[in-house]
Structures are given as C-alpha cells and as structure tokens.
Amino acid sequence: MPQAQPVPSPSADPSRNLKEKLSRLPADARRNYQIFIETGDEQALAGLVFEALRYCLPKNSAAGGNVPWPDDARLIEDLGFDSLATIETVFFFEDLFQISVLNEEIANVKTVGDLRRFVRGKLEAGKA
Amino acid sequence: MRRAVITGLGFISSIGNSLAEVERSLRNLRHGFRTVEFLGNPRIPVRVLGAIRDFDTDSPNWRDWRFPDQYQFEPEALRSLSPHGLYALCACEQALEDARLRADELADGGTGLFCASAGSPFLLHHYLLQMEEAQGERGSPMGMVSSIAGTLNFNLATHYHIRGAVCGFVSACASSSHALGYAIDEIRMGRQKRILVVGAEETNAEAVLPFASMRALSVNPDPDSASRPFDRRRDGFVATGGAAVMVVEDAEAALDRGAPAYAELVGWGQAGDGHNVALSHPEGAGLAEAMRRALRDASTPPGEIDYVNAHATSTQMGDRSEAIALKAVFGSAGAGPAISSTKALTGHALSMAGVLEAAFCAVAIRDGFVPGCANLVEADPVCDGLRLPRKTEEARPRAVINNSSGFGGSNVCHVLKPFSA
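Sequence order for the protein chains is A and B. Read in order, the letters of the first sequence are residues 87 to 214 in the working numbering. Read in order, the letters of the second sequence are residues -1 to 419 in the working numbering.
Keep in mind that the hints are not guaranteed to be accurate.
[What the hints assert, rightly or not] Per the computed footprint, the stretches of chain A lying under chain B, defined by three or more beta-carbons under 8 Å from a beta-carbon of chain B, are:
#, region
1, 127 to 134
2, 152 to 158
[Said to hold, decoys possible] One side only, chain A facing chain B, incomplete, derived with CB under 10 Å:
#, residue
3, Leu108
4, Pro144
5, Asp168
[Unchecked claim] Below, simulated EDC-like cross-link-like pairs (lysine to aspartate or glutamate); rule was C-alpha separation at most 16 Å, straight line:
#, chain 1, residue 1, chain 2, residue 2
6, A, Lys145, B, Glu74
7, A, Lys107, B, Glu72
8, A, Lys145, B, Glu19
9, A, Lys145, A, Asp157
10, A, Lys208, B, Glu135
The set of hints was computed from the structure by calculation and includes no laboratory data. All figures in this text were calculated on a predicted structure; none of them were measured in a lab. Note that the Cβ used here is the ideal one computed from N, Cα and C, for glycine as well.
For reference, chain A alone in the conformation it holds in the complex:
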C-alpha cells in the first residue's frame, strides 16, 4: 500500500501567525523586528516597514523594491498599492503586534513615513 500522505489543518496556536509572518520575511526583517522590540530603535522599525511593504507590493509596481523608499513615497500613487493591498499591509502590522486599527486611522496612512509613525504611535499608545 502507498505511504500515507499527511493532510494538515490550520492550528489554533496563537503564536503561529507571528512565527509564520516573520518566517516569510528576509533575515534582515527578523533582525530589525527583534531590535525594535527590544530597543524601540527607529532605523530598525524603518527596515521592518520597508520589508512589510515589499511583502505586499504589487508585482507591477514601478517603484522597484531594492532600495528603501523615502518617507514621503505615497503608497497608492508612487508604490502602486490598491486599497486592498494597503489594508493588507496594515493588517500585517495588526497581526504582528497584536494591535487593532480603526478605519479612520487607515485613511490617514498615505505614505511610507505615515505607516512607520503610525505603527510606533499605536505601540506606544498600547503601553500607556
């Protein structure tokens, strides 16, 4: 008889999403995540935001993905995100840091810098 093939199922392990998300990002992003969590370093957060945006970047984006974009690069107009991809990126951070983002807050995230400041602000508000 042929060997049995496993047919897996999603797990209820709450840390699974976090592990999965980080495992799909480059080593740099995992390092930046760790540094940011431990020290709150701004450069580390910028690196993490860059990798998260690359993770959700549309294939036909004219922006290229090898060099960090400037803070004023607009997600939709300059990077080619549609609104679903923008929400997907926001969800990436919601899920990664276990935070919740309101609709009106998403509407204010228009640039790369907005996203970075927003993530930091949410995390600091969460600690307060």
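Position chain B relative to chain A; hints supplied.
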C-alpha cells in the same frame, strides 16, 4: 432557438491535470486515488482520497503554495484565492487555450461566468480562528473573498475582466450541473455569446471529513476498490476535488471564429425529490423526472441515448436510487444505454462533479469511446437489466446523458450529442 456547443475544457483533477492525461485515464480506466492520513490522525478510518498532484496548497498562505511552472500568476491574482480558486484559475487557463480564446477577448460583455464550489471551509476555519484569537478585533482583509461560497466568481470575474453574466450556484453536489444548465439557457436565449462554467473543490480535511460525520465516505482502505459505484459491496464515496472548466459557446459564434466543438449541449432538465435533506428518494423519483425533462428538452427519445454518465457515488442508498430511476427511464430490457459512473476513477468531486463529468462526456463524444465501470466486480442485484460494461467501449455515442444529484434531492441532467452544423 440558438445552439450551445462546448469549445474548451480544462482540468485539474485526480486523474490528470491536462486534457490529454484525463482522456488517457478515462479510456484506460486508470484511477487517481491515494492513501492519506487526515489531520495526522491514524484513527480516522477514511484513508483514500482522489488527491490532486503537482500542487502544494497545504498552507493557508498563498505565498507558500507550489504549483506547476506553466502557470504564472501575479500576487494580485493569488492573494484573494483559496486552494480551489488556484485550481480553478489553472483550469481556466487550460480551457481558454483549448478554446483558442485570449484572455482579453473575455471582457466584451458577451462572455459570462457561472461557478460552483462550496467555498473553502479550510480557509474559513483558518480566518475564523484568527478572528477568535484576536477576540474579534481584527482579521485578514482577504478572509471573506477567499473563503466564502462565491469566491470563485469574485476572483475569476476580476481576473478575466468578465462583464457579462456572473453568478454562483449552490445546490451541493448538483451545483455545477445547475451552472451548466443555466449556461445552456443563456446561450440558447441569445443573452450571452459564451459562458465559462467552473466547478472547483478542495481535498483537505475541512472539505472532506464532514461527510464522514454523515457516514457517507468509504472506509475501505484500498485505493483500488474503495470507490465502486453499483457494486454490491460499495460502502460510501471517496472524495476528490480540483477544478473543471468548460467553455460553453453559441454555435454560430464558435463557427465564425473557427473554433471546433467537442459536442453540442442539446438540453437539460431538473427536478426535486421533495423527500429528504440528505438522502436520495428511495425510488429515484426526482432523478427519473429530471432525466425525462432533459430528454424532452433535447427532443431525444431514451432509445437514442448510448451512454449515461451516472451520478452514482458508491453509496448504498444513492446508487440504488439511481439504478431504479435508470430502469424507470430506459426500461429493463437489457438493451439500454451503456451506464458507468466515472467516480470509480476520480472519486466524488462534490459541487464540481457535474461540470467535470459533463466534460468527460464531451471528451467521450469527441474521441469516440464510452468509459467502462472501473472496480465493478459484482453488480448490485438492483442493477439487473442495466447495461454496465466493465471495459471501455470504442464507439462514438449518438447521445449522452449526464446525471447529478445534490443534498435536498436536487437532480439535474444534461444531454449532449456530437455537433453538426
């Protein structure tokens, strides 16, 4: 009335991921079953599956999926798909190439899209868990469109820029048969020039095991005999999935662009059992009426049908009910049409079974053969008088009827014939 023909087919299935492979498997009665262990639990007695090869869609995250290199899709096409949505997209690509259609020809408003699937219980489960873990405070924006029933319509209509009729059909294992039936009507009434009819299902534990709870699945561990429609020792169905796509086209439009037709869809019919939420009518009343209605719609006498692709899934009650219905329609003289259920090869593809098996009928008509009854060793005595050839017969059928039945006693039949202009 206008005429509907089949101009393209695409398959991701347990018996092949291309038309050529499927044709060989049907003709040579080569099944697509494997031994599996659901949820890593050896105590689950269901051990056989009509598995999909060359695709790895075990992860809920599309970035982890692996599929044949011939398919190249952008992240925007993949991010809102379920595993069966990926199968459907691949089968669509095949069907369009087979029909000699370019993707940009589909956005003309004359092309519609009718789909059938149960959605993705696998992804739905994943996203609901995620939502519960977050105590309802957040969830993936792709959760809905990738997992609920209708996910095929949402994604495929967007991907191919379909501007004609777009609709999903939900009648359990008759779903894609309904999709095909209403596609025939749209073409015959001149409302659409062509319709892509799509059926797709997953083969993961979430899609399959709920049927074990109903005691509907075979617990025979042998892949060579677990699915044996009409056999006295049948003990339930073997599940399968994948995707089947059929391009149904106005005959004149197909002739105008020089697209060859596999077959003509000459009629269809449906009738309910009005009997039980899950079980077939014991005398096959609804299925017999659906066959009669389809034959009437096709202006085809029963004596002209040379092949019946039966719904028979290999359950005790369902196969018995269909055998009685077949005898009621075709008589019990023993000189009736050849009857086989290709689920002996593929397994039961649930909502996609109707379009998958209609596609098999189209291949049988084009290539001039009738698939035999694989795995049939000792026919159930209830089948006495029905012609159940054990081997494939090499002859082009004059007319074929394709049967489907779903929960709630929803029965749908299509009649196909070779096309002549």
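*asked:* Name the hints, by number, that the structure is in violation of.
replied: Checked against the structure, the hints that fail are numbers 1, 2, 3, 7, 8 and 9, while the rest are satisfied.
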